[in-house]
Amino acid sequence: MCTSCLQKKVAPPYNPVHHPAIEYHTVHATGAFGQPYRVILKRYSRPEGKPVVLLHGLGKTGRAFDLVEGSPELSLATFLFGQGYDVWLLNLRNRELAPGLRSTCPPPHEIEQQADPSVRKYRCETASIDDYAIYDVPPMLNYLAALTGQPMTLVGNSLGGLVFTAYLEGAFHDRAMLAQGLKRVRLSTELAAQRGGAIEHLVYLFSSPIIRFRWTLEQESERWQQLPPGERQPWVSHLYKRMVPDAQLNPDYARYNFFLSLLAGSASLDAQLLRHELVSLGTILSNVLQPDTYLHPLIVARPAGYGWINWPPNLPEWGPYLLLDQVVDFPGRVLRQLLDIVRTGSFASFDRTIDYGSRLSMLRNLKITFVHGGRDKVFMPGTGYQTIVEQMGSGNDVHWKVFPELGHDDFLVLPSRYPELAEVLAD
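In our numbering, the protein residues as written are 1 to 427.
Mixed in with the good hints, there may be bad ones.
What the hints assert, rightly or not - Distance condition first, Cα-Cα at most 30 angstroms in a straight line; then the derived BS3-like pairs of lysine-lysine:
no.	residue 1	residue 2
1	Lys50	Lys367
2	Lys401	Lys50
3	Lys401	Lys367
Stated by the list, open to error - The following label-pair restraints were derived from C-beta to C-beta distances:
no.	residue 1	residue 2	range
4	Ala176	Val244	28 to 36 angstroms
5	Val328	Leu274	14 to 22 angstroms
6	Leu187	Leu274	33 to 41 angstroms
7	Glu420	Ala271	54 to 62 angstroms
8	Leu187	Val236	43 to 51 angstroms
Hints in this document: simulated from the structure, not taken from any laboratory.
These numbers were taken from a predicted model, which means no experiment stands behind them.
Using N, Cα and C, we set each Cβ at its ideal position, and we do this for glycine too.
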């Protein structure tokens with residue numbers, strides 16, 4: 001697999017800017033079976049400001065909100081600091097926040113092996129969305145609450161919104177099952193109330209706990225077969241045209257995500273995700289796209305800046321390359337859990353015993369804002385709104401904000417739109 005094909009150009013040299021308000025905080029956490037590890041938080045410190053806590057998406061790190069560090073013109077985190085906020089960037093386990101600063105678990109050879117072999121495979125490194133919500137997020141937010149003493153605004157981008165959902169629903173692992181080496185998720189109303197009590201505002205930034213994905217490859221094939229013979233191009237030519245990110249030539253480009261359906265349908269990728277804790281983008285592509293398949297040239301020709309989740313015409317030249325540059329790797333079980341959502345339409349725990357999407361009533365007395373993009377190729381605007389309102393009941397103050405022309409990562413790389421996100425936080 002030609003992983004070098006992923007980036008056709010070199011990003012312009014946007015260098016970090018020294019910013020006196022930047023602080024790094026190390027928080028110690030403990031995994032499901034008692035293994036210690038550490039997570040790193042980055043802060044643009046304004047002690048008198050309202051704490052805004054940003055949690056990154058899949059494959060990304062806390063740097064996603066601070067791609068050009070310290071630049072008030074280009075960095076979202078720095079911009080929000082300039083608006084008067086005390087800005088915190090969370091970093092989930094095994095994520096690199098800055099050179100030499102990585103949230104990490106001990107390597108396997110440093111962990112005392114337990115007698116029961118069923119426990120060994122659940123070392124700290126084997127993370128799911130449940131693990132993030134149960135073991136990573138609580139110590140970080142507890143630390144932050146103790147330090148600031150103020151209610152927080154949580155902003156979960158993509159995967160980050162799902163992690164916050166499980167956290168605020170009171171997710172925990174059944175201790176009796178852990179003693180047997182098994183992870184079984186349970187929800188606690190007491191934990192949910194305790195965790196929600198420290199939160200003033202929850203923002204789903206291009207994220208949703210109820211998900212309906214974009215037009216799939218199978219649906220596109222059915223559509224192509226129904227075209228009149230005179231209008232039907234060869235299948236590969238048809239797909240290539242449909243993947244051109246041009247608002248005039250291909251106005252409904254944002255309506256589908258063929259690549260996501262390929263990921264969900266790959267048995268070989270599934271095996272890799274269960275076998276390895278961390279998986280590279282190159283490994284993912286090589287398992288999904290064999291060089292002799294017709295889709296291989298279609299995907300590798302346009303992957304820069306996650307073309308399969310973004311609306312490329314919106315992105316500035318530097319955006320795709322800095323987005324890719326901060327991608328470390330993909331957590332195997334987390335990606336598999338997300339692909340289960342694609343397959344089933346349900347956001348559930350890794351063991352499939354808890355359907356988080358149907359337990360939104362656990363969130364109480366919160367202001368909740370859903371921010372969606374009309375050209376988001378992952379989370380469709382309007383997806384499940386009515387169901388979400390019904391699930392959440394009358395105990396929450398729920399708002400919706402749709403930006404018709406924005407794609408999945410645009411709020412991370414479009415400085416001209418940062419003020420609009422600041423307005424969402426201030427409302």
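Structure-based check of all given hints:
| no. | hint | result |
| --- | --- | --- |
| 1 | Lys50 to Lys367 | holds, 15 angstroms |
| 2 | Lys401 to Lys50 | holds, 22 angstroms |
| 3 | Lys401 to Lys367 | holds, 13 angstroms |
| 4 | Ala176 to Val244: 28 to 36 angstroms | violated, 55 angstroms |
| 5 | Val328 to Leu274: 14 to 22 angstroms | holds, 20 angstroms |
| 6 | Leu187 to Leu274: 33 to 41 angstroms | violated, 25 angstroms |
| 7 | Glu420 to Ala271: 54 to 62 angstroms | violated, 43 angstroms |
| 8 | Leu187 to Val236: 43 to 51 angstroms | holds, 47 angstroms |
Hint check: violations occur at hints 4, 6 and 7; the rest are consistent with the structure.
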